[in-house]
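K.L.:
Use these hints to put chain R onto chain A, whose structure you have.
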Amino acid sequence: MDKEALLKTVQEKLKAQFGEGLISSEMISDYPVFTLKRDIICDAVKFLYDDGDLSFQFLTSLAGLHYPDNNGHELGVMYNLHSLTKNFRIRLKVFFSISDPNVPSITPVFKGANWMERQEFDFFGIIFKGHPNLKRILNLDDMPYHPMRKEYPLEDTTREDKDDKMFGR
Amino acid sequence: MSTKNKIEKTKKSDISVSALEIKEENDYTTLNLGPTHPATHGIFQNVLKMDGEIIVEAVSTVGYIHRAFEKIAEHRNYYQITTLTDRLNYCSSPINNIGWHMAVEKLFNIEVPKRAQYLRVIVMELSRIADHLICNSVIGVDTGALTVYFYIFSLRERIYEIFEEICGARLTTNIGRIGGMERDFTPKAWATLDVFMKELPAALKEFENLLVRNRIFMDRCIGCGPISAKMALQYSFTGPNLRAAGVDYDVRAMNPYSSYEEFDFTIPVGTNGDTYDRFMVREEEMWQSLSIIQQAIIKLKKEPAGIFHADVPDFFLPPKEAVYNNMEALINHFKIVMGETNIPKGEIYHAVEGGNGELGFYIISDGGRSPYRLHIRRPCFIYYQAYTEMIKGKFLSDAILTMSSMNVIAGELDA
Numbered sequence: 001m002d003k004e005a006l007l008k009t010v011q012e013k014l015k016a017q018f019g020e021g022l023i024s025s026e027m028i029s030d031y032p033v034f035t036l037k038r039d040i041i042c043d044a045v046k047f048l049y050d051d052g053d054l055s056f057q058f059l060t061s062l063a064g065l066h067y068p069d070n071n072g073h074e075l076g077v078m079y080n081l082h083s084l085t086k087n088f089r090i091r092l093k094v095f096f097s098i099s100d101p102n103v104p105s106i107t108p109v110f111k112g113a114n115w116m117e118r119q120e121f122d123f124f125g126i127i128f129k130g131h132p133n134l135k136r137i138l139n140l141d142d143m144p145y146h147p148m149r150k151e152y153p154l155e156d157t158t159r160e161d162k163d164d165k166m167f168g169r
Numbered sequence: 170m171s172t173k174n175k176i177e178k179t180k181k182s183d184i185s186v187s188a189l190e191i192k193e194e195n196d197y198t199t200l201n202l203g204p205t206h207p208a209t210h211g212i213f214q215n216v217l218k219m220d221g222e223i224i225v226e227a228v229s230t231v232g233y234i235h236r237a238f239e240k241i242a243e244h245r246n247y248y249q250i251t252t253l254t255d256r257l258n259y260c261s262s263p264i265n266n267i268g269w270h271m272a273v274e275k276l277f278n279i280e281v282p283k284r285a286q287y288l289r290v291i292v293m294e295l296s297r298i299a300d301h302l303i304c305n306s307v308i309g310v311d312t313g314a315l316t317v318y319f320y321i322f323s324l325r326e327r328i329y330e331i332f333e334e335i336c337g338a339r340l341t342t343n344i345g346r347i348g349g350m351e352r353d354f355t356p357k358a359w360a361t362l363d364v365f366m367k368e369l370p371a372a373l374k375e376f377e378n379l380l381v382r383n384r385i386f387m388d389r390c391i392g393c394g395p396i397s398a399k400m401a402l403q404y405s406f407t408g409p410n411l412r413a414a415g416v417d418y419d420v421r422a423m424n425p426y427s428s429y430e431e432f433d434f435t436i437p438v439g440t441n442g443d444t445y446d447r448f449m450v451r452e453e454e455m456w457q458s459l460s461i462i463q464q465a466i467i468k469l470k471k472e473p474a475g476i477f478h479a480d481v482p483d484f485f486l487p488p489k490e491a492v493y494n495n496m497e498a499l500i501n502h503f504k505i506v507m508g509e510t511n512i513p514k515g516e517i518y519h520a521v522e523g524g525n526g527e528l529g530f531y532i533i534s535d536g537g538r539s540p541y542r543l544h545i546r547r548p549c550f551i552y553y554q555a556y557t558e559m560i561k562g563k564f565l566s567d568a569i570l571t572m573s574s575m576n577v578i579a580g581e582l583d584a
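Sequence lines, in order, name chains A and R. Residue numbers for the first sequence follow my numbering, so the first one is 1 and each next one is one higher. Residue numbers for the second sequence follow my numbering, so the first one is 170 and each next one is one higher.
Worth double-checking, as some hints may not be accurate.
As the list claims (entries may be wrong) - A partial selection of chain R residues facing chain A, derived with a Cβ cut-off under 7 Å: (1) His235; (2) His244; (3) Tyr404; (4) Ser405; (5) His544; (6) Gln554.
Since the hints were made in silico from the structure, they are not lab data. Positions of the beta carbon are idealized from the N, C-alpha and C atoms, including for glycine.
So that you can see chain A by itself, here it is in the shape it has in the complex (with noise of 0.2 Å):
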């Protein structure tokens, strides 16, 4: 099966499974890439990990995304799913609003999504329901912000001790 069939297939069953769970499908570069409500996200990454003709059972990554100036969808998440079986690759991607950071986890299909998730949360502030244990991962637990969104500037603001009045950048 091509890229474009893959496409096409998925598109179909997520279709068919979900109706109008399926926002939208399209091929970026050599990936077909849909993107989904949030809702139905861990039903959806369930459903093709069971599908016989597709079987996505193998997790590859996950990904927080920030968009702020997309109003009403600021934060996201990428799924990269790959099926070892018949050597497909997709990804999935989620949308909801800064205010509303909650997306279905998906610990209960992929034990994996563990850690994959709490780095999301640490770095995005995206909450997963239903992850066992979510806290920070790789920052401090007591830190005030949450990192990789892009109002936060690389160098930490809160920091006194360095002076940049002879060397500044």
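P.N.:
This is chain R only, laid out in the frame that chain A set:
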């Protein structure tokens, strides 16, 4: 029952953890394994709840050397991010560097000439050997066999000499450039490679003679820290750790890059996913890498000499003499360094088979001088989360061995 009796009993019948949990909470000892423990090969902390010598529960803390690569990358030019990838799995930096270059080339639509691809294959396979050599010799150290570690390090030194000759650096190599290699291999690099190719089989054979059928080593490693194929896939394992569990997933074969489809190599798989299988899979992969390098050298001879990069003046720095004497070269140099080149918009994912597994770069470009978003799939980070489950109900010394055989590299874990 005293602790000593219990250990003996555990040895015989492998009593389950649930049976141990009947004990009162204060009968357990809390033990901090790490952050800086000589046996953990890096900065990892595991808070262990111990019943005598048996681990009842473990909690991992990671992030001690978190350097926010993904955030820094959003503020840097594409060519400046290569130095960040050096510091992921620093035992095999060249694979990370070239993986990054290939991801960027995919975004920029650059076709790299065959000769440069073969040069890259040689560099990547050399660094895979270096990576596996460290991991396997460290398994030796943790089982009490220090000799093999010192023997094999002279071989690793040879690989680093080759890297030094190609790019000037040894550990954090920053090897290659977007569009190819930064320079052709020097005659000395070829000569050192030649010596290395002659030395490796004998040294590796000696290394294997010391460990593979060594009764003490086998007793120590077989059945230590096993993981089933199903569990490994659930935890998104990749690389030698997944193959040791019996799944033949290798990015080089499944999604070939840099002309790997032209090479003839096999993918070794294990059955039990324990320390011994992980050791053997890495061992066999070194032999395969050796054969790939030999094939690449033969293929290289058929290609026109002297070509080591694509003809992309917008992205590949011109030679220094040209910059001083030629207007176009000066302009290109300036534009590349200042980040004024036209970057295409796009969204790509490119993965390479790193020392530890699938190392993936997910880049979103909005046309700016640096990526809008860069997500790095670090294999270590993903499979290390299974560690606490793998050591539960096992001995403390097995936990150390399990960690070293999984080849957890702090740089890649914490990024």
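K.L.:
A separate judgement is required for each hint: does it hold in the structure or not?
P.N.:
Hints, one by one, checked against the model:
1. His235: holds (4 Å)
2. His244: Because about 5 Å separates histidine 244 (chain R) from the closest Cβ in chain A, which is inside the 7 Å limit, the hint holds.
3. Tyr404: Nearest chain A Cβ about 4 Å off; hint holds.
4. Ser405: holds (4 Å)
5. His544: Holds, because the Cβ-Cβ distance from histidine 544 (chain R) to chain A comes to roughly 4 Å (cut-off 7 Å).
6. Gln554: holds (4 Å)
Checked against the numbered hints given earlier, the structure satisfies every one of them.
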